Amino acid sequence: MLEAVKLNKYFHQPQEFHVLDNVSLTVQKGEFISIMGKSGCGKSTLLYLLSTLDTDYEGSIVINGTNVTGLDEKELASFRNWHIGFVFQFHYLLPEFTVLQNVMLPAIKLGVYDRVTIEQHAMEKLQQMEMEAWATKTAGKLSGGQQQRVAIARALINTPDIILADEPTGNLDSANTAVILGIFEQMVRQGNTVIVVTHDDDFARNSDRIIRMVDGRIIAP
Amino acid sequence: MPLSLNLDIARVHLLSRKKQTIIAMLGVTFGIAMFVLMISFMKGVNQFLQDLTMATTPDIHIYNKLKTDYSSSLAQQYFADQHNPWVVVRHPRPKQVNLNLKNASGIVNDLHRFEEVVSVSPLLSALVIFNYGPVQWAANVDGVDITAEDRMFDLKEKMLTGKPEDLMGINNGIIMGYKLAADLNLNTGDLVTLTAQSGTQLRCRLVGLFKFGIATMDEYRAYVSLASMQQLLGKHPDYITDIRVKLRDLKDAARMAPVFAKRYGYTADDWETVNAAIKAGNIIRDTLTYVVSFTLLVVAGFGIYNIMNMVITNKLKDIAILKAQGFSGGDIMQIFLSQSLIIGIAGGLLGLLLGYLLSYALSRVPFPDDGYVSIKYFPVLFESQYYIFGMCFGVLTTFMAGMLPAMKASKIDPVAILRAS
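Respectively, the protein sequence lines represent chains A and B.
First residue of the first sequence: 1, per my numbering; consecutive thereafter.
First residue of the second sequence: 1001, per my numbering; consecutive thereafter.
Because the hints were derived from the structure by calculation, they are not lab data.
Fair warning: this is a prediction, and the values are worked out from it, not measured in the lab.
Glycine included, each C-beta is placed from N, C-alpha and C at the ideal position.
There's no promise every hint is true.
So the derived label-pair ranges between C-beta atoms look like this [as the list claims (entries may be wrong)]:
#1 A/Glu-75 / B/Tyr-1360: 15 to 25 Å
#2 A/Gly-140 / B/Tyr-1360: 24 to 34 Å
#3 A/Ser-143 / B/Arg-1011: 26 to 36 Å
#4 A/Glu-58 / B/Arg-1011: 34 to 44 Å
#5 B/Arg-1419 / A/Glu-3: 23 to 33 Å
#6 A/Glu-58 / B/Asp-1413: 11 to 21 Å
#7 B/Pro-1368 / A/Gly-140: 52 to 62 Å
#8 B/Val-1292 / A/Glu-73: 25 to 35 Å
#9 B/Arg-1011 / A/Pro-14: 38 to 48 Å
#10 A/Glu-75 / B/Leu-1362: 54 to 64 Å
#11 B/Ala-1361 / A/Glu-73: 51 to 61 Å
#12 B/Leu-1362 / A/Val-112: 54 to 64 Å
Over 10 Å on every C-beta distance to chain B, these chain A residues come out as not near it, computed from the model [to be verified]:
#13 Lys-29
#14 Trp-82
#15 Leu-94
#16 Pro-95
#17 Asp-161
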């Protein structure tokens, strides 16, 4: 599903720093993987490399048979649209748009279905997150936990091959964390491939595999 | 599909900050409105001044230019065949010459055959003294074919009393400027004595008054028939010094003048050469208009640049999230550039409307009446090309102003934004 080979990355500012040191990683379809480690160990950096957002690295990444290393900016944007779903620590909805519009946006961008169908799909995803009642609300007015659920619905709208999450519960209270964890487990049961960067042990315990990182290296596969 | 999606996003962004959008739009609106107003007014002034000039200047003026002819100098005759004939003649003067156009009626007939020519008016003009009690008053009196002159300068429109044709209905009639008549204390029907340089006198009856709205015409010009003038100057009935030509299209003047000059062997001046100052004035006013309008639009452009820069700084997170979801740099650029363009187009259209209303209002403002210039309202031209130009100008400015911030937005690194928080 995903194969990363000998990833090396350096930060040049404020000083030369070797963030990722020969990191290789293979993820099978349907796997639920947690990446853990102290802050600064390079786990978020690894996630952004895998997400194709960060292209400044050495090594190669193949996702679902496509070698994404070396694709140009436009091709990568399109690739993310088709194959990758994102969930961030800070829920990052577009505040001027409604909840429904936020969820629909990546699908409209994809341009496979007409708007009516997309709206149906978006409502289904929102129902799955139990957020359908908020569909017409402006995204900026929701609480943190609610926004995160909408963000997950948005990540799922294009049925991505792989879902990447950067500390999805890092900014939430324990009740909401439990809800989000439940949703992730549900996603995995539905056959999604999920990679999560997290500090949360509960979260990690429920995953198929935990990858621990120290100083830019994977220590326990 | 992606374009319309990007436009949708741009629209939502614009509507979510209405006040900023409107302020940015008003900048463009005022810039374009002022451009339209200024160019309509300046072009109106140009047109007015040109009309004023053309009211008294023929399109082409054919005349016999006084030249000092050295070939017939006495000195040349006596010393020409000697070797090394250094003969210095200081200030040679022309001998007694007639400055008339030979075969003038033939030239007039020939001119009528050109299809560019609308009318031809022959002229015999002289400085004439009017006796008013003990006071002597000099004025230019034109001996003309009054119907031809009417076709040329539209005299009928300018008559205060009487008609141009009245000149023909009476032996030795005269039409003069209303100010000249007032100076000489004359009313229509009165008799007036004209004295030529040679001392010859002619008594004429005043049959009409005209008003051109130009002091030099109204105070120093009178018309008599060609025959009266020839009689006053003691010349034969085909003695004509000038021929004025009116063309179908003013723009042909510069092209036709040399043709006539060559054909008839006399000097032919076109109106642009005679009135070079008018043309210079036009250029200066046009330049002024463009400079001021350009400045206004550049200021509006900076306004848009500022606002868009601010918007993009506020929307860094949105840009990062859009990129993470598969929007490319080009999409981001479209989203933000189209915001500038929407501001430019909406502001521009509003500007055209405002510009039209202001121009219309100005064209209804009475011009202060000083008794000389015959103009009732401020001169304003309404021409679609100014509006089209203004619109292009405005859209171009906003495009350029929006380009830099949009390019900046398209290059934003989403990872840097996502990590920073």
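Do the hints match the structure? See the list:
no. : hint                               : in the structure
1   : A/Glu-75 / B/Tyr-1360: 15 to 25 Å  : violated, 55 Å
2   : A/Gly-140 / B/Tyr-1360: 24 to 34 Å : violated, 45 Å
3   : A/Ser-143 / B/Arg-1011: 26 to 36 Å : holds, 28 Å
4   : A/Glu-58 / B/Arg-1011: 34 to 44 Å  : holds, 42 Å
5   : B/Arg-1419 / A/Glu-3: 23 to 33 Å   : holds, 24 Å
6   : A/Glu-58 / B/Asp-1413: 11 to 21 Å  : holds, 18 Å
7   : B/Pro-1368 / A/Gly-140: 52 to 62 Å : holds, 59 Å
8   : B/Val-1292 / A/Glu-73: 25 to 35 Å  : violated, 43 Å
9   : B/Arg-1011 / A/Pro-14: 38 to 48 Å  : holds, 41 Å
10  : A/Glu-75 / B/Leu-1362: 54 to 64 Å  : holds, 57 Å
11  : B/Ala-1361 / A/Glu-73: 51 to 61 Å  : holds, 52 Å
12  : B/Leu-1362 / A/Val-112: 54 to 64 Å : holds, 57 Å
13  : Lys-29                             : holds, 21 Å
14  : Trp-82                             : violated, 7 Å
15  : Leu-94                             : violated, 5 Å
16  : Pro-95                             : violated, 8 Å
17  : Asp-161                            : holds, 13 Å
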